[in-house]
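Colleague: Construct all of the structure, not just a fragment, from the sequences and the given hints.
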Amino acid sequence: MAPESRVLPTVHNDSDGASSLTASALKTVRTAVAVPESELKRWRRTFDANATVINGEKFLEPEGFVNAIAPLEDLTKIGRHQFAILFRVADTSRRNLVSWEDFVVFETLLKRPDADYWMAFQYFDVDHSGFIDYEEFRTVLAANIGPESIPFDFDCDWVQLYLGKKNGTHVLGYNEFTQLMKGLQGERLRQAFKYLDDDQDGFILPDQFKRIILEIAGHKLSDSVIERLPTLCTLSPGQRISYSEVNAFYNVIREMDMVERIIREATAKSKDGRIDQTDFLNYASSNSRYSLFTPMEASIIFHFAGRGLPNQRLALVDFAHLLDPRWKAPHEFKEPTIPTTTLPASSYLHRVLHSGYNFVLGGIAGAFGATIVYPIDMVKVWNSASPTMQNQRSTVVGQMLYKNSIDCAKKILRNEGFFGFYRGLGPQLVGVAPEKAIKLTVNDLVRGRATDPDTGRITLPWELFAGGAAGGCQVVFTNPLEIVKIRLQVQGETAKLEGATPRGAVHIIRQLGVVGLYRGASACLLRDIPFSAIYFPAYSHLKSDLFQEGYNGKQLSFFETLASAAIAGMPAAYLTTPADVVKTRLQVEARQGQTRYNGLVDAFVKIYREEGFKALFKGGPARIIRSSPQFGFTLLGYETLKKFVPYPWEEKPRQMETALTSRPDDLSKVRARNALRILLDVHGDFGKRATSFKQPLSLTNPKLS
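Everything in the sequence shown is counted per the UniProt record's numbering, starting at 1 for the first residue and increasing by one.
Because the hints were derived from the structure by calculation, they are not lab data.
For clarity, every value in this text was computed on a predicted model and none was experimentally measured.
Incorrect hints may appear among the rest.
Said to hold, decoys possible - In the DMTMM-like style, the derived pairs of lysine to aspartate or glutamate whose C-alpha atoms are separated by at most 25 Å in a straight line are:
no.	residue 1	residue 2
1	Lys182	Asp257
2	Lys328	Asp155
3	Lys269	Asp545
Said to hold, decoys possible - So the derived label-pair ranges between C-beta atoms look like this:
no.	residue 1	residue 2	range
4	Glu610	Lys554	51 to 61 Å
5	Tyr348	Phe644	25 to 35 Å
6	Leu546	Asp454	37 to 47 Å
7	Asn96	Asp201	46 to 56 Å
8	Thr278	Lys554	25 to 35 Å
9	Asn67	Phe154	28 to 38 Å
10	Pro230	Phe154	23 to 33 Å
11	Tyr647	Thr371	16 to 26 Å
Idealized CB from N, CA, C, for every residue including glycine.
Modeller: If you want it as structure tokens, here you go:
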């Protein structure tokens with residue numbers, strides 16, 4: 001497409017003759033902040049992508065300028081078209097075009113730490129004098145407040161305190177201007193209330209209150225809150241709203257980021273994930289030097305969050321429609337994606353498919369973890385579940401096979417080679433897939449059913465039950481697997497020493513029979529139920545409490561997930577070592593001269609009498625070191641698979657994402673948005689009237705009408 005051929009507009013001159021910033025001023029601005037070459041190249045790509053060619057040169061028109069500076073996905077209620085307000089700041093030549101040089105200056109200014117206030121100052125400084133007098137302040141404000149808006153008295157005492165008497169006896173430099181802008185919204189609130197309070201009795205009607213808030217803060221509130229603004233009158237008798245209540249509501253809006261921070265932290269530390277008004281005030285007082293919020297302000301927060309119902313304990317998600325200006329009711333919200341077939345979360349088919357999904361991923365993750373640690377399991381230096389070290393008994397006839405774990409590793413390597421470390425891996429992998437799959441599936445299933453959907457919390461008794469149920473269900477796979485694995489591991493080394501021929505897994509299964517495969521199942525249950533009951537709650541709390549998963553939207557890194565899973569296995573492994581020792585003794589076929597056991601209790605009693613209490617914790621430290629990496633890699637694999645292979649019909653939990661917790665990566669766009677916020681705080685329609693006229697704002701054209 002051929003470039004558009006147009007004649008450049010004539011540069012507009014303001015009444016004082018100043019047409020734009022001087023060349024030296026432009027150079028000063030560009031060099032005030034160091035701009036890396038990579039940054040300039042990125043700006044150039046953005047400029048070129050949105051520019052229009054005019055007379056062989058590229059310029060940004062208002063629409064292209066908005067596309068260049070506005071965040072792609074903003075977490076506020078500010079519309080993209082409203083960023084056109086800042087076009088006049090960038091258009092220093094007043095040609096209704098922004099050149100490459102202008103764009104560089106504008107982007108450089110956005111790198112200033114005070115870019116938001118500096119942009120507002122540039123907008124009000126119509127004559128580019130570097131100062132703002134009474135006439136400039138009145139002109140710009142009047143141009144952006146329509147006749148239908150609540151009028152503003154420019155001759156009030158508040159304006160005169162900043163700018164002197166009418167016709168101007170004082171001008172504001174940049175720093176003074178920032179203080180004026182900070183207090184301007186509060187003065188507009190005061191004047192608006194006084195204007196609408198016809199009989200001067202200190203009360204206004206609910207609809208009048210709504211009108212005030214829409215003008216000064218409508219862009220900060222969700223449609224749900226705006227609709228319910230008149231209900232503020234229910235906080236006090238008389239069905240009218242006092243200035244105290246209006247001012248308290250304004251303070252809540254002004255400190256909304258702090259309100260959100262307190263709510264997030266207080267609900268995160270609450271036992272049930274909910275807080276009431278007292279909890280809010282207590283947390284605010286204990287985490288600030290001075291009291292930030294009055295009881296009336298706290299009442300307003302909980303009135304709108306709790307939909308008017310008193311004395312409620314609210315979860316974080318209940319505050320969403322107050323804290324998130326983009327909030328929509330669930331039935332009103334539409335995902336900007338291609339519609340897909342969904343399944344009701346309560347449907348039987350959904351539960352079956354989701355459990356099957358967890359089962360498959362759990363099996364893959366279990367095989368992954370088992371393969372990584374199997375050599376350690378075989379060597380026994382790390383593995384407390386491995387039988388060889390735990391099975392060495394003081395009553396055995398003849399010399400013990402291994403002096404210690406290192407000696408065990410050396411002999412396996414010498415007698416069987418490297419692949420000796422993987423002896424018995426086949427049955428292990430065949431059994432470990434359903435074993436780990438059913439454990440992870442049952443734990444997720446029970447936790448999911450017992451979790452509060454609003455808070456995402458589950459009570460400790462339910463956590464313990466979910467883990468214990470998972471451990472109990474896995475025994476149907478664990479016991480046959482381990483008895484075959486143990487006998488394969490033990491016979492390999494003894495066969496070398498005694499000259500016997502090692503038998504395969506099929507022979508062992510035939511020898512044991514179905515009943516024999518479940519020998520020691522009671523000990524296996526005694527080990528696996530407490531293990532999982534300890535492990536899964538510990539893993540969950542390590543992620544949330546130690547590594548702060550989910551706090552302010554945080555997602556755990558690879559190493560944080562691995563550490564959580566590995567650390568959780570330590571207490572679970574050590575505390576269940578006695579049951580594991582007994583299970584091993586019951587499942588290994590006793591050789592001549594070794595003690596034989598007749599059941600769980602008999603094994604406990606004989607081990608204690610013959611070998612002492614320490615024998616019940618034989619291999620405990622090694623069991624910790626072995627279990628930690630296995631469960632660490634298993635859970636890491638499971639979490640990673642769920643992240644990269646998501647369940648297609650996953651029901652997304654109710655979450656609250658705001659600008660406080662999720663900001664765009666490009667800081668310049670954040671500051672552009674904040675600059676726009678400062679101007680919109682003056683009036684919700686700020687810039688709409690001014691940008692609707694083609695001719696630029698000047699002191700000789702104050703009303704734009």
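Colleague: Each hint needs a verdict: does it hold in this structure or not?
Modeller: Status of the hints after comparison with the structure:
1. Taken as a hint, the Lys182 and Asp257 pair is honoured in the structure, with Cα atoms around 16 Å apart against an allowance of 25 Å.
2. At most 25 Å may separate the alpha-carbon atoms for a hinted pair to count; Lys328 and Asp155 exceed this at roughly 41 Å.
3. Simply put, Lys269 and Asp545 have alpha-carbon atoms about 9 Å apart, close enough for the 25 Å limit, and the pair holds.
4. Separated by about 52 Å at the C-beta atoms, Glu610 and Lys554 satisfy the suggested range of 51 to 61 Å.
5. Remark: the range hint 25 to 35 Å for Tyr348 to Phe644 is upheld by a beta-carbon distance near 28 Å.
6. A beta carbon spacing of about 24 Å between Leu546 and Asp454 contradicts the range 37 to 47 Å that was offered as a hint.
7. Between Asn96 and Asp201 the CB atoms are about 50 Å apart, so this pair conforms to the stated range of 46 to 56 Å.
8. The beta-carbon spacing between Thr278 and Lys554, approximately 28 Å, falls within the hinted interval of 25 to 35 Å.
9. Judged by the Cβ atoms, the range 28 to 38 Å given for Asn67 and Phe154 holds: they are separated by roughly 36 Å.
10. Look at Pro230 against Phe154: about 30 Å separates their beta carbons, and that is inside 23 to 33 Å.
11. Distance hint check for Tyr647 and Thr371: the Cβ-Cβ separation is about 25 Å, which falls inside the suggested range of 16 to 26 Å.
Violated hints, in rising order: 2 and 6; the structure is consistent with all others.
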